[in-house]
Structure formats: C-alpha cells, structure tokens
Amino acid sequence: MSTMSKSSSLRPARVILYLLLALFCIYYLLPLYVMVVNSLKPLAEITSGGMMALPKQWTLAPWESAWSSAQVGVEATGLRPYFLNSIIMVVPAVALSTLVGALNGYVLTKWTFRGATVLFGLLLFGCFIPFQMVLIPMARMLGLMGLAGTVPGLIFVHFVYGIGFSTLYFRNYYAAFPTELVRAAQIDGAGFFRIFWRILLPSSGPIAVVCIIWQFTNIWNDFLFGASFSDFDSQPMTVALNNLVQSSTGVKEYNVHFAGAIMAALPTLLVYIVAGRYFVRGLMAGSVKG
Amino acid sequence: MGFLDIKQATKSYGSLRVLHETDVSIEEGEFLVLVGPSGCGKSTLLNMIAGLEGISSGEIAIKGKSMNGVKPADRNIAMVFQSYALYPNMTVAGNISFGMEMHGIAKPEREKRISQVADLLQISHLLDRKPGQLSGGQRQRVAMGRALVREPDVFLFDEPLSNLDAKLRVDMRTEIKKLHQKLGTTIVYVTHDQIEALTLSTRIAVMFGGYVQQLGTPKEIYDNPANMFVAGFMGSPSMNLFPAKVVSADGKPAAEVTLADGKTAAIPFASDTLSSSIGRDIILGIRPEAITDRDGADRNSRAVHIVDAPVEVTEPAGSDTFVVSQIGGKDVTGRFRADVAVKAGDVFPFAFNMEKAVAFDPKTENRIA
Chain A
1 MSTMSKSSSL RPARVILYLL LALFCIYYLL PLYVMVVNSL KPLAEITSGG MMALPKQWTL
61 APWESAWSSA QVGVEATGLR PYFLNSIIMV VPAVALSTLV GALNGYVLTK WTFRGATVLF
121 GLLLFGCFIP FQMVLIPMAR MLGLMGLAGT VPGLIFVHFV YGIGFSTLYF RNYYAAFPTE
181 LVRAAQIDGA GFFRIFWRIL LPSSGPIAVV CIIWQFTNIW NDFLFGASFS DFDSQPMTVA
241 LNNLVQSSTG VKEYNVHFAG AIMAALPTLL VYIVAGRYFV RGLMAGSVKG
Chain B
1 MGFLDIKQAT KSYGSLRVLH ETDVSIEEGE FLVLVGPSGC GKSTLLNMIA GLEGISSGEI
61 AIKGKSMNGV KPADRNIAMV FQSYALYPNM TVAGNISFGM EMHGIAKPER EKRISQVADL
121 LQISHLLDRK PGQLSGGQRQ RVAMGRALVR EPDVFLFDEP LSNLDAKLRV DMRTEIKKLH
181 QKLGTTIVYV THDQIEALTL STRIAVMFGG YVQQLGTPKE IYDNPANMFV AGFMGSPSMN
241 LFPAKVVSAD GKPAAEVTLA DGKTAAIPFA SDTLSSSIGR DIILGIRPEA ITDRDGADRN
301 SRAVHIVDAP VEVTEPAGSD TFVVSQIGGK DVTGRFRADV AVKAGDVFPF AFNMEKAVAF
361 DPKTENRIA
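Chains as they are written, first to last, in the UniProt record's numbering: chain A, 1 to 290; chain B, 1 to 369.
I should point out that these hints are in silico values taken from the structure, not numbers from a laboratory.
Among the hints, erroneous ones may be present.
Computed far set for chain B versus chain A, every beta-carbon distance over 12 angstroms [unchecked claim]: (1) 78; (2) 171; (3) 236; (4) 275.
Below, a list of computed lysine-lysine pairs in the DSS-like style, where the Cα atoms sit at most 25 angstroms apart [unchecked claim]: (5) B:263 x B:245; (6) B:177 x B:63; (7) B:71 x A:110; (8) B:330 x B:356; (9) B:130 x A:110; (10) B:363 x B:330.
Backbone N, C-alpha and C fix where the C-beta goes; we use that ideal spot for every residue, glycine too.
Make a model of the complete structure from these sequences and hints.
Structure below.
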C-alpha cells in the first residue's frame, strides 16, 4: 500500500528522469546511427546532403567493398586480410598476457619472496610508461629478435605491454583469495603449477573476463604500435582502416569508410556484449579487497 | 622416541623469535592439544609440523624419520583448517578425492574410500554439491573427510571449530572425540579454547609467548598448573589468584589473607611444604569449585577451612551460583550450590578446600607449592 502511493507521488519526477535519460541515450547513440545508415546507402545519397536521413535505397555494396575490394594502401584487397591480421595478433597476445598476468599474480600473493613488492611496483610502473617512449627501444629489440614488421612481433609487443595491467588485476584478485586453500592443496600433494591450474585458475572467472576485455579492447584498438612495427602484409585493422580512409585516389567513398569503421569496431563491441556484465562484477571483486 | 618428535625446535622471522626451543614427544594414538592465546606460537608450531613453515633450528621427526626439509605432501599428514579451505570449484567428492588423485591412487580405489569416509561422516548425500551450497557444520565434516581419506600418520587440526556457532561447536567436539576413539589416530590439535583442550585431549601443551609453559594430561594441567599463566588460562571461570602471606598457625603453615572488611584470616595449608617459607609473600591459587558454601564442600577433603567473608556480588548460573568476594584486593569467585541463600552485602562462611590450593612466587610466577 505505502509503496504504491509513494511511487505514484513520484511519477512526474520519474517521467522527467526517464525523458532525460532517453535524451542522453539518443545523444550517445547518434554517431552510431550516422555510421550505420550511411554505410547502407549509395554514395550519391550522402554527397547530396542526406547524411542524417535513412537510406532511400538500402544496399550492402559498401560493406562488400570495404571487406573485399576497396583500395587499402597500394592494393585493392579490402579490409579482410588486415582483419585476419588483427585476429591472429589479438588472440595470442590476449591469451599470453592474461595467463602470464595470472601466474604473476599467483606468485606475488601466494609465493611471496624478498623483493616481491618492489617487483610488483615496477610492473605497475610499466603500466604507466607512455607508449611513445618505448617505440625506439622496442623497434631495436624486434630487429634484434628478427621479428620486425611481422605479426609475431606485434604479438610480442602487446604481450609485454599487457603484462603490467594483467598482473595488477590478478594480484589484487588473488590477494583476497584464501591462502589456506593453497596450503591445503600443498598438503594434498599438489605442486606449484597444479595448484595454479586446478585451484586458482578455475576460481578466477570474473577477473579473467575483466582482463580479457581490457586487453582485447586495448590491443585491437591500438594504432601506434600497429603503425610503427608492422609492414604492409602485417598491418592490423586499425592501420588498414586509416589507409582505407586516407587513400587519395578517386572520390572519397564515405559509405565504404563508414562500413569499414564499423567492421573495425565490431569485435570489441561483441566482446563487451558477451562478457560485459562480468566486467563490472569482476572489477568490484578485484578492487574491494585489493 | 615417540611417534612424532619435536626436538629443540625453534622458529624465527628475522631477529624475531616466535617459537623458543620446544620439546614435545607424542605417542601413537595420542590426542595432543596445543592451547594458548593468540600469538603464543601454537599455530606456528602446527604449521612447522605440517611443513608449511620452515624450521629455524632443531628437528621434527615422524616415525623416527626427520621431516626437516620434507615437503608437506611427503610427510603423510593431513590438516583441517580453521576456514575448512575447501576448494570452491570442486564438488564435495572432488574435494575429498583431490589428495588421493595427487598421490596417484587409482580411480576405483578413490571411489571406494570416498564412499567409506562419506558413510563414516554421514555426508554421502552431499557428495555432488559444491562447498558454497553447504552449511558450516557440513563444510566442517567435508574438511575432516578430506583429511581422513588420506589415512595419514598424523592429523593436524588448526582451530577447526572456531567458525561454528556455540551449539554446533559442542556437537562437533563430541564427534571429533568419538572419531578419535574409534580410529585411534594420532592428532595434534590447535585451539585457543581451553574447554576444547580439556575435553578432547589426552595431553595438553599450554603455550604462551613462544614457550611451552606446561605439558601434561588435562588433569595435571588443571590440578597442578606449573605457573600463574597456566593457572589463570585453564579452567572457566579461571582459577582465583590473590596475594597472601605464609604465616605460622599452631606450628603449621597457613595463608594469611586480607578480606574486604579489613580483617585478616589465616587459612592453614593442607601440607607442610611451605613450613620453611614463613613470612614469605605468595600468590595463592584456588579454583572456584574449591571455594564453596559449607555444605557444598568436598566431604573427602581433610583440609576444608571456613572463612567468614563479605559477599560482593552473586551470579546465579542455573546449576550453580557464583559468589564473589574481595580477598587481598582481588575478586575471588566461589562456586556455591544454586539453592544457598546468599546475597550481596552478607558476611557469609566460605569453605576453602585447601587440598586444592596451590601457591606461586609473586615475582617469577612459578609454582612453589
């Protein structure tokens, strides 16, 4: 009874609140709307000034062109090969940095040693080194390792750069993980790696999701390393998108550019939609008792 | 040489010594309880036996074999933790089986042993559940099952009952004792609860400040505490400790005490042990159940003495009434029968059973008689 009367008395305030929220929503979604509608109309409709309008003639041609036939750099390959480059770069880089981060977190909390805090501090410091600072040393390193201009080289760069953050996540998560469990497993006869695989990792779902989303988004969206350390055949999606848009031959095919940009954004969007609800949960779990 | 030998074992963290030279020898089938307040070194000692903590000097041996430097898994021990430490990602059966799996025991054998242990602990219906779906008492059982299934030489319990509510704690206490009697296993059990120590153990090691203060059977510890710490720590309500002076009464040593109304009373000792210490200041220790009303006194005692003392507070506790009087400036509690008509402000006859009285040196706090 009382709750009902309460909600009805609040109704005008509610309505205003929801209107306001809807307004914000529209404001934030507008760019996406522009991208989507313009990627689905012929170029003529855009150049004639109808950027905000829905397509008069719906077409998937810009998507097909952006994917497989548009001029990217010197070759008319579309974005497909670069999309694949990004995939084969991002998957191992994310997997490796997450796994090593988990291992670091495990060691730093459950097998502490003299200097562990200092080491963790240094790893953390690594998170905050500006990308630009490492460009030249890293180029030299990649050259020495024979990985310059290759996808494995990019994987290596992102892997190394990702360790700082993934270690931070897992260390804080495992700090709240009961040490008695590790001791019980020790008495049960499990060794260092067995405890990690069988006890800690299976309990790390939320923080692993956080870490994967974070690393995936960062690595997929990275432009600087991609532009600096790749050759024509190893460029990631972001660099290829830039080249697509910057190609100066002929007319600017805005509809193709829009389609390409959506393609570049789609994987991160997908990761968020699939795993997003764990993101907040995991961040909380990691931070509360950090 | 015992079944589990702790010889001159110490533990230091840097320059901080948390466990001083400790010697304990445990026979097969014994139930040793390490008891003491937090920070006394009892958990450290247990972890050293488990191999979870290194040993700074000395030796720990099981079945005559030195365990220094041996990994926990290779010591043939099992441990029940305070938090139970059940693996949250595994089922109850998985938890119980994990240790056997790690020791390479074949699956049919594992399953046989799991069902045996589950029957013994009445957790058969829980085998498919995850620890998160269990109550505190059930988790406790699973934790014990995980230890039992290994059939170890020594069981180590680290405050296993302290996370349970009061009633369940008493039930599980009885259950652990039954289990010990049934299986005859060797147990080292850490607790800060002196009641648990007294009820469960065959022997108790009372620890304080990194030293074993006294090692003995529950009765020895209770009746003949080695020092004031043990006297005050063991027993509930704890032993009354109050200042007294040894005087001579009719040629026999007696304890002269000051009552709340300023009068003094001389209570003769049961033995002549202190006859050479006339004039010495002592701390007299006497348990509440040895201070009673006249009719409640132990009829078998040959040394019951009546002292008329002012009653400060009475605390009816159902079966007994605790009566408090100030003696030598300390609250001294007597355990009277529930139906004795006594109230605060009365001067009432207190019956001291001096056969149960002990005396300590006020400075060293050690037992002198």
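Which hint numbers does the structure go against, in order from smallest to largest?
Violated hint: only 1; rest satisfied.
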